[in-house]
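Peer 1: Chain by chain, the residues run as shown.
Protein chains: 2
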Amino acid sequence: MKAIWVYDLEIRSMELHLQIKMNEKLFVRNPEQTELGRKIIEFSIRLIHENGFEAFTFKKLAEVIGSTEAGIYRYFENKHRILIYLTAWYWSWLEFRVTFHLNNVSDPSIKLKKLIQLLAANVVDDDSTLYVDESLLHQIVIAEGSKAYLTKHVSEDNKDRLFKPYKDLCSLIAGIILEYNPAYTHPRSLATTIIEMANLQMFFMHHLPSLTDFGQSKDEQLVVEFLEDLVFCSIRK
Amino acid sequence: MKAIWVYDLEIRSMELHLQIKMNEKLFVRNPEQTELGRKIIEFSIRLIHENGFEAFTFKKLAEVIGSTEAGIYRYFENKHRILIYLTAWYWSWLEFRVTFHLNNVSDPSIKLKKLIQLLAANVVDDDSTLYVDESLLHQIVIAEGSKAYLTKHVSEDNKDRLFKPYKDLCSLIAGIILEYNPAYTHPRSLATTIIEMANLQMFFMHHLPSLTDFGQSKDEQLVVEFLEDLVFCSIRK
DNA sequence: TTTTAAATGATAGTATTACTATCTCATAAA
DNA sequence: TTTATGAGATAGTAATACTATCATTTAAAA
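Line order of the protein sequences matches chains B and R. So the first sequence is residues 7 to 243, counted in our numbering. So the second sequence is residues 7 to 243, counted in our numbering.
Hints are supplied without guarantee of correctness; some may be wrong.
Identical copies carry no separate label here, and so any pair may be met within one copy or between two of them.
[Stated by the list, open to error] Pairs of lysine-lysine residues, derived as DSS-like cross-links and limited to a Cα-Cα distance of at most 25 Å, are as follows:
| id | residue 1 | residue 2 |
| --- | --- | --- |
| 1 | K45 | K158 |
| 2 | K45 | K173 |
| 3 | K153 | K243 |
| 4 | K165 | K120 |
| 5 | K31 | K165 |
| 6 | K173 | K224 |
| 7 | K158 | K224 |
| 8 | K66 | K119 |
| 9 | K165 | K224 |
| 10 | K45 | K27 |
| 11 | K65 | K165 |
| 12 | K153 | K165 |
| 13 | K153 | K170 |
| 14 | K85 | K65 |
| 15 | K45 | K165 |
Simulated from the structure, these hints should not be mistaken for lab results.
Please build the complete structure, drawing on both the sequences and the hints.
Peer 2: Laid out in structure tokens, this is it:
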């Protein structure tokens, strides 16, 4: 496994800056390396969160960051690539969190529980990344995430490894499932089911509550319970 | 339960024409009642299937059916409404099929098995509807279906009951789950999980196979097995 | 310190998309 | 015969999704 996360540890100020190494094919120019690039990330998150991906345009983005459309095209081929970039970033960040929280945990059932918690619970912006609001990004992934791969050009995008972070997280989860029960026959499909349902049940809970069993309380812990139940029943030895 | 399906039974010719009664708010003018309207349905299915929803425009649709953009706007407010219409149609049609196939079946476990088969297996165009190719429509629902509700205006669309067919199917499934095990605590969330995963695992199997456990064979029966396993483990008494 | 390259800003322009409006004409029901 | 209805034809607009060019600032290299 190659290094995906770069720790920029400043001992003196006791700040841990987390930098995620992104696939070069996701962008035209690396947005993390310039001021404008970082503004593009920060404000595309805000705008997509606010108005939805369909209403998001480079023109509007350019306006709020005081730049021009052409300026943004220097970083991203089109708005869909920004969406893929943001979701890829999110999945990489989540994989880091999962790895971090599962460190030194040996019991696979505890691993799975912590994992489900990390996947389904609301995210609090953790300040370890300056220009990414993880809380907003999480909500974007819930509401817009699947649009990143539900396209006619999935296969080409996949060849460019644009979905690798998602796949890596899926592999990680599948591995833990197999640790728990090496005989389980569908670890990957169950992993994607957990990931996707963590997001979708949250979306339904808020917007189409009658499609879930937790419309009244709108408590994300109920989603966690549902997923735990689903997973542990399935992989029971 | 109000009548959703209209059977237009022609005894003499032995043809059963199935007509699905659609919510009035889905369209500006009912496309089923005119030649142009039916062409809009037929060819929007073909075009969306062929080029994807993003590349689908009223202009292109108008060209292939020999009409004009303005002509299509007389039937649908915009292309997103066509997508909602098509998915609503599909879910109504599927609910009809499920009800039909589960008729006279009393054992809830057989019901659930038949249901999963109907949800996850490839659809064969059944010729009972002249201008709807159910096979193509099924593939559209797999690849584009969630875009119908993943918008900033879900709640308003929901108030107009545009997602009622989906919800009805969900209720139907949840009911069968409770028949099997009245003590099961998440029947609705499990129902949406079955529906969504039937589609998503199929999509992943074909386009991002490493996210599933059936990438090699690409056999949809493996999706059926996965779902059966998932469901019956969860609701076991 | 000067040269050079990189990053950005400013401006312009095009094809396409997503509509709205209006007017005519054919047809078929009242 | 009147009158709605459905549909074709045409026009026009604002916004979207780009591409191209050139000037300027800034920062790194010589």
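Peer 1: Hint by hint, work out which the structure violates, then give me just those numbers in ascending order.
Peer 2: Numbers 2, 3, 4, 8, 11, 15, in rising order.
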